[in-house]
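S.K.: So you can see what is in the structure, the chains are spelled out below.
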Amino acid sequence: MRRHFIAAGILVVVITILTYAVINFSGLATQMNPVAASAQAGSIDALWHFEIIVISFLFALITGPIVYSLVVFRRRAGDTTDAAHIEGNSTLEITWTVIPLIFVMFLAYWGAYSLGETRRVAANPLIIQVQAQQFDWSFIYPEYNIISNELHLPVDRQVVLKMESKDVIHSFWVPEFRVKQDVVPGRITEYRITPSLIGSYKVRCSELCGTHHAYMERPVVVSSQADYDAWIKEQVALAVEMQKSPEGVGQRLVAENGCLGCHTIDGSPKAAPTWLGLYGEHVTLADGTVVTADDAYISRAILQPAADVVQGYQVLMQPYPFTDAQVASIIAYIKTLK
Amino acid sequence: MKSFWRGLVTFLIGAVVGYALGVILEGTVTGSMKFNAPVASALAFLFGFTALAYLGGKHSTIFRGLFWQVIGTFAGALLVTLIRALSGKDVFGPFFFTEPAWVLGGLVGALAFLFGSGIMDDWIKWMRGIDTPEHHEERYSGFEKYINVSLDHKVIGVQYTVLALILLCVGGLFAMIFRTELAESGLQFLKENVNVFGQNGPQLYNTLMSLHGMVMIVSILLGLAGMMNYLIPLMLGAQDMAFPRLNAFSFWIAVPAGVLLLSSLFLGGFDTGWTGYPPLSTRAPLGIQMFFLGVFVAGWSSILGSLNILVTVVRLRAKGMTAMKMPIFIWSSVAASIISLTATQMIGLAFQLVIFQRLLGMGFFDPAQSGNPVLFQHLFWFYSHPVVYVFVLPGLGVISELLPVFARKPLFGYRWVAMSSLGIALVGFLVWAHHMFAAGMNEYLRVPFMYSTLLVAVPTGVKFFSWVATIWQGKLVTPTAMLFVLGAIVVFLLGGLTGPPNATVSTDLHLHDTYYIVGHFHDTIFGGFVFPFFAALYYWFPKATGRRMNETLGKIHFWLMTPSFLVLTVGMMYIGMLGMRRRIVDYDPALGLDATHLVLTICGYLIAISIAVFLYNFIHSIKHGEKAEGNVWNSRSPEWQVPSPMPTHNYDQPFEVVGEPYDYGLEGSKYVQFTKSASDAAGKH
Amino acid sequence: MHSQDKSSALGQGVVIFIYLAVLTVMEYFIAILLDAISILIVVAVVKAALVLYYYMHIYKLNEEDADHDPHSYVFKTATNRLGLWLFLLSDGFLFAGLLVVRSNLLGLHRPDLNQLLGLVVTSVLLISSFFMNRGETLMSKGDVKGFMRNTVITFIMGLGFLLGVVFVEWRTAAAEGLTPSFGSVATGPVGGVFYLMTGMHAFHVLTGLIFLYIVWNNARKGVYTAEKHFPIEAAAVYWHFVDLVWIFFYPALYLIGKP
Ligand code: HEA
Ligand code: HEA
Ligand code: CUA
Ligand SMILES: [Cu+2]
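Chains as they are written, first to last, in numbering that gives the first Met the number 0: chain A, 0 to 337; chain B, 0 to 684; chain C, 0 to 258.
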């Protein structure tokens with residue numbers, strides 16, 4: 000019997016190494032993929048690496064002896080007798096209850112420690128407000144009063160995102176940052192991260208939020224402090240510029256309210272009709288009537304979306320409580336889209 | 000059989016007529032003739048079933064029930080419509096009736112099915128003080144038996160199993176449709192301008208994906224009920240379940256539930272996933288209400304079924320069958336039944352709350368009324384986590400049951416394996432919030448839930464180690480049933496081992512809501528349910544039919560399904576880590592996942608083909624399989640000590656338990672002894 | 000059991016009823032004067048234990064059935080009883096869930112309801128349980144007439160409770176502005192929770208009434224005897240269960256927290 004135990008033990012070691020090697024070959028063993036771009040990723044990836052080792056070992060520990068038995072102990076042709084009568088062994092049972100018990104407690108302890116690492120608070124974080132809505136993200140930099148559909152972050156400085164949803168639950172996930180946090184309507188959830196690698200990533204909404212959930216993605220740019228400052232400066236100038244014309248005010252309102260989550264300005268269809276060339280066009284409504292998209296129509300479409308529904312679409316849009324002046328500037332902006 | 004085909008044909012005719020009528024109706028109202036108009040599909044659905052039920056309904060319970068369900072739906076909906084008309088509210092909605100009308104209609108329809116099909120006849124008599132005979136003689140034979148009410152647990156077990164297989168195919172078909180769309184990035188055929196049942200392409204994707212999840216889950220619950228119903232009284236030595244009428248009721252209530260669930264596809268669909276989180280579900284189309292109702296009604300099937308099983312096990316064991324001498328399958332069924340008896344109420348409640356919020360504006364989950372969307376998740380997962388152990392426990396029971404037979408060795412550590420089921424079930428109640436690590440719940444609560452979740456690995460590990468010890472030195476034979484057992488162990492191991500990275504919060508923050516999770520749970524579900532289910536079907540098929548399934552086809556099934564399945568799920572985990580989110584109709588080509596996705600889709604098709612092979616084998620073998628009336632597997636279990644197929648009233652002579660259930664290899668030992676004369680058992684023991 | 004035991008069982012019913020009544024009044028004053036939630040919970044648990052043991056006879060689950068003949072009435076009754084209790088266990092989870100919903104959404108806030116009205120409604124239900132117990136005890140003595148009399152009283156009180164909740168309680172609440180969709184940042188969706196809890200409970204009262212009618216009607220037809228009357232036991236246990244639920248709902252809705 001001893002011979003069998005040794006042979007099966009060797010098999011377990013071999014399978015462990017093989018499993019680990021295969022996972023490592025796919026690039027998933029030593030770290031979670033894709034590349035790590037945040038300080039928090041470090042402790043998460045370390046835990047993951049350990050878990051992969053454990054998984055490889057346990058996988059081998061179970062499959063090794065099974066494969067060995069299948070090959071070595073299998074029933075030979077002609078043999079009709081039963082196998083040895085072994086009912087159990089309490090020492091063994093206790094062993095394989097207690098060792099995993101201790102082990103999982105250790106794993107949970109490591110998990111808690113790792114969680115603590117990812118939540119560690121650094122001094123003087125950058126605070127940015129995030130607004131999520133079907134199906135778009137907007138980012139507000141309160142210090143500079145700018146709003147953007149791209150999230151720009153300076154490298155190596157902790158940022159805290161204060162996230163709010165206007166409608167349903169969304170989830171903020173940048174795979175390279177590892178961490179993920181749901182954005183729940185009615186409360187502000189917090190996302191803390193320290194970007195550590197300069198590059199362009201994407202925030203991908205990872206909680207099903209409706210028809211166009213798949214497309215709820217926006218660029219996230221991590222840049223050097225200097226580049227970041229330059230970007231801020233440019234945005235501030237742009238914001239000042241925009242406030243001067245009604246189109247500009249309208250464009251900002253559109254950005255602030257996430258209209259482009261459903262509408263597009265390049266003619267492609269999304270959850271809602273495109274705005275490209277909308278102004279002055281003929282629009283067919285669900286009941287078959289054809290109207291002209293003039294000021295009155297568009298303002299009604301914004302203030303009471305359920306009033307006339309465009310053919311082929313459902314009333315996804317919530318009524319927006321804009322003032323007449325605001326509506327006028329949005330229309331002015333839509334007019335520019337030809 | 001004839002009435003079945005007649006029903007099918009009339010269903011199709013009815014659907015076509017209803018559809019045409021709907022198009023015309025919609026045309027006259029809106030002035031434009033459109034295909035796939037919502038009204039048309041709703042009417043097609045209703046007319047189809049009416050026709051089916053009317054013509055097929057003359058004889059059999061199922062069609063009579065469906066007929067009444069349609070009538071009931073209409074009656075309920077019309078009642079609400081009438082009330083609305085009188086009180087001056089909107090009378091018609093986008094799907095002909097308004098939402099409240101459909102909801103009440105749906106409920107009344109399900110009730111009408113139950114009353115109309117005659118399942119409750121005896122109860123109604125009892126209410127009026129009339130006694131009925133304890134057992135009815137079987138009125139039908141052959142195929143007819145299975146589409147009519149029967150009180151025989153074996154017939155009900157088969158009914159459950161077949162319904163489960165049908166739903167597995169329907170859910171699998173949905174998976175094939177959306178898997179095809181996923182083969183490549185970009186939208187292939189589920190495009191924006193598609194319009195099916197009033198849904199555009201991405202919406203239809205969401206509906207199919209969500210229905211795939213829930214239909215499959217219902218299919219599992221029915222499949223389990225099938226195995227438990229068939230096997231438990233046989234293993235206990237009982238004539239039937241404790242409450243045969245309740246048993247029939249539990250099965251039949253699942254039929255209108257399935258109809259309700261699937262009707263959501265025709266009533267606008269829904270785009271929330273199987274989890275139905277508000278506020279999204281409070282904004283979803285009408286379909287979500289039918290989904291909620293369907294699950295709610297199916298929940299009753301599962302509550303009443305598990306109640307019956309618990310009572311049967313407590314009350315109807317054969318003489319001498321003490322707790323520690325019960326077959327292990329019974330232990331695991333008990334553990335699973337405890338969960339579904341109690342926790343199911345929570346998902347029912349969660350779904351009811353959303354139904355009410357939609358109908359009456361009660362703001363439970365509405366942030367504007369200071370409701371709490373996260374509360375729904377707690378209620379939902381309080382059921383939906385424990386239920387994953389309902390899925391697997393009976394399956395793990397099957398593994399533990401079959402291993403000793405094919406290894407010719409006792410089950411290693413019987414007591415530990417038995418108790419580990421209870422351990423899993425009880426700890427399983429304490430871990431639900433591990434699905435909500437990223438949901439914005441209380442930060443610090445995440446740590447205790449991480450500990451409790453990891454704790455489940457311990458009793459599960461006990462099972463694995465005991466299986467390995469059972470196999471070790473066993474004289475293994477590998478017919479198809481055993482292959483599926485071995486496949487189950489490996490696949491479930493893979494699924495189980497990918498659980499701890501989800502359980503440790505910080506790694507889960509990356510993995511949550513990605514295909515990694517999708518891979519994890521397909522592995523656990525297949526390993527814990529689908530593989531053991533197939534093993535059980537191959538193993539007990541001779542018991543039910545007196546014939547066995549074809550081994551060659553069985554091996555083709557196994558060797559086609561297992562590798563493709565492993566590639567499918569490991570591939571899912573791989574792309575999940577790289578950034579593939581769940582529940583998306585389209586993915587960013589920049590992720591570079593197109594090639595892998597194509598492979599996954601091909602694997603999905605291979606699985607479907609293998610299941611088609613199985614279905615052929617299954618249906619063909621009922622009539623033409625090789626005869627197998629004796630103790631084919633040389634098992635010690637009581638059901639194999641009498642000839643197959645099982646007689647109607649199970650055992651002619653009661654048996655007494657005189658030994659241990661799994662003492663293979665012990666000379667001259669017996670598990671059960673038939674009292675009175677030696678039985679005419681076919682076995683060698 | 001012998002018939003002397005039965006008359007003492009009737010007396011026991013009275014004693015337990017007095018305990019319950021005193022506890023309920025205590026509860027009411029504790030809530031008004033002290034605002035001590037923990038005491039309220041303890042009182043509710045004590046009341047529930049009394050009902051479970053003395054009115055619902057939970058200990059019967061543990062009774063050995065002397066003969067093991069699966070066709071005997073005794074054996075079948077024990078089986079049915081277990082089924083009944085498992086059903087109640089399952090249903091209990093529904094109500095526990097409702098209590099969770101209530102405490103999560105409202106916390107230390109409660110609907111602004113007329114507390115005296117609540118006390119009256121509660122008492123009606125409690126008294127009905129007393130008569131139900133009496134009826135069942137008489138039935139096991141073989142006194143069908145006595146059973147029917149007491150069941151009618153139970154039925155009337157139950158109906159009174161149901162109508163009281165739907166037509167008085169709901170009306171006054173609605174008149175005071177508590178609509179199903181009533182909610183605010185300070186209070187949470189109070190209206191929704193209030194109508195949900197009372198509605199779900201009222202639905203169970205309604206089914207209990209139907210159940211009572213059925214056994215009453217069958218008793219009238221002479222279906223039951225002193226030895227064979229499990230449906231009556233079931234109806235009674237179910238009725239007490241509805242009362243048991245209310246023992247927790249009453250403080251949750253009327254007593255705990257501030258309006
Ligand atoms: C049959 C179903 C089934 C089973 C059995 C399991 C088993 C487990 N599951 Fe899984 N799970 C699902 C079905 C299942 N799961 C589903 C459907 C979802 C997704 C729901 C959705 O969002 O749609 C999900 C999601 C899910 C999540 C949420 C992920 C997320 O959305 O972010 C988590 C997190 O903790 C988790 C963990 C676990 C764990 C720890 C186990 C453990 O029970 C596993 C235990 C087993 C082992 C560990 C292997 C054997 C043990 C040994 C060999 C002993 C030694 C081992 C150690 C010491 C580690 N599962
Ligand atoms: C029992 C449970 C079960 C089973 C068996 C399966 C089986 C399969 N599942 Fe599914 N799956 C779930 C449970 C299950 N799944 C759940 C709960 C979800 C989550 C949903 C959500 O997120 O809300 C999910 C989600 C899910 C996704 C993620 C979708 C997304 O997030 O967008 C994917 C993607 O590939 C997938 C694929 C598959 C495939 C390819 C199969 C294949 O194995 C299917 C194999 C094919 C068949 C079984 C069909 C056989 C049919 C025939 C042979 C034809 C005969 C036809 C007729 C007679 C009508 N599943
Ligand atoms: Cu927002 Cu998905
Ligand atoms: Cu879980």
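FYI, nobody ran anything at the bench for these hints, they're computed from the structure. Be careful, since some hints might not be right.
Derived list of chain A stretches under chain B, where covered just means 3 residues or more per stretch with a C-beta under 8 Å from a C-beta of chain B [to be verified]:
id, segment
1, 99-107
2, 177-187
Each computed EDC-like pair below joins lysine to aspartate or glutamate, with the alpha-carbon atoms no more than 16 Å apart [claimed, not checked]:
id, chain 1, residue 1, chain 2, residue 2
3, A, Lys337, A, Glu246
4, B, Lys324, A, Asp81
5, C, Lys75, B, Glu191
6, C, Lys75, B, Asp130
7, C, Lys75, B, Asp239
8, C, Lys227, B, Asp130
9, A, Lys334, A, Asp293
10, B, Lys318, C, Glu226
11, B, Lys669, A, Asp81
12, C, Lys140, C, Glu226
13, B, Lys669, B, Glu659
Since we're looking at a predicted model, the values are computed, not measured. Cβ coordinates follow ideal geometry from the N, Cα and C atoms, glycine included.
S.K.: Decide, hint by hint, whether the structure agrees.
M.R.: Status of the hints after comparison with the structure:
no.	hint	in the structure
1	99-107	holds (count 6)
2	177-187	holds (count 10)
3	Lys337/A to Glu246/A	holds (13 Å)
4	Lys324/B to Asp81/A	violated (21 Å)
5	Lys75/C to Glu191/B	violated (61 Å)
6	Lys75/C to Asp130/B	holds (15 Å)
7	Lys75/C to Asp239/B	holds (13 Å)
8	Lys227/C to Asp130/B	holds (13 Å)
9	Lys334/A to Asp293/A	holds (10 Å)
10	Lys318/B to Glu226/C	violated (27 Å)
11	Lys669/B to Asp81/A	holds (14 Å)
12	Lys140/C to Glu226/C	holds (9 Å)
13	Lys669/B to Glu659/B	holds (7 Å)
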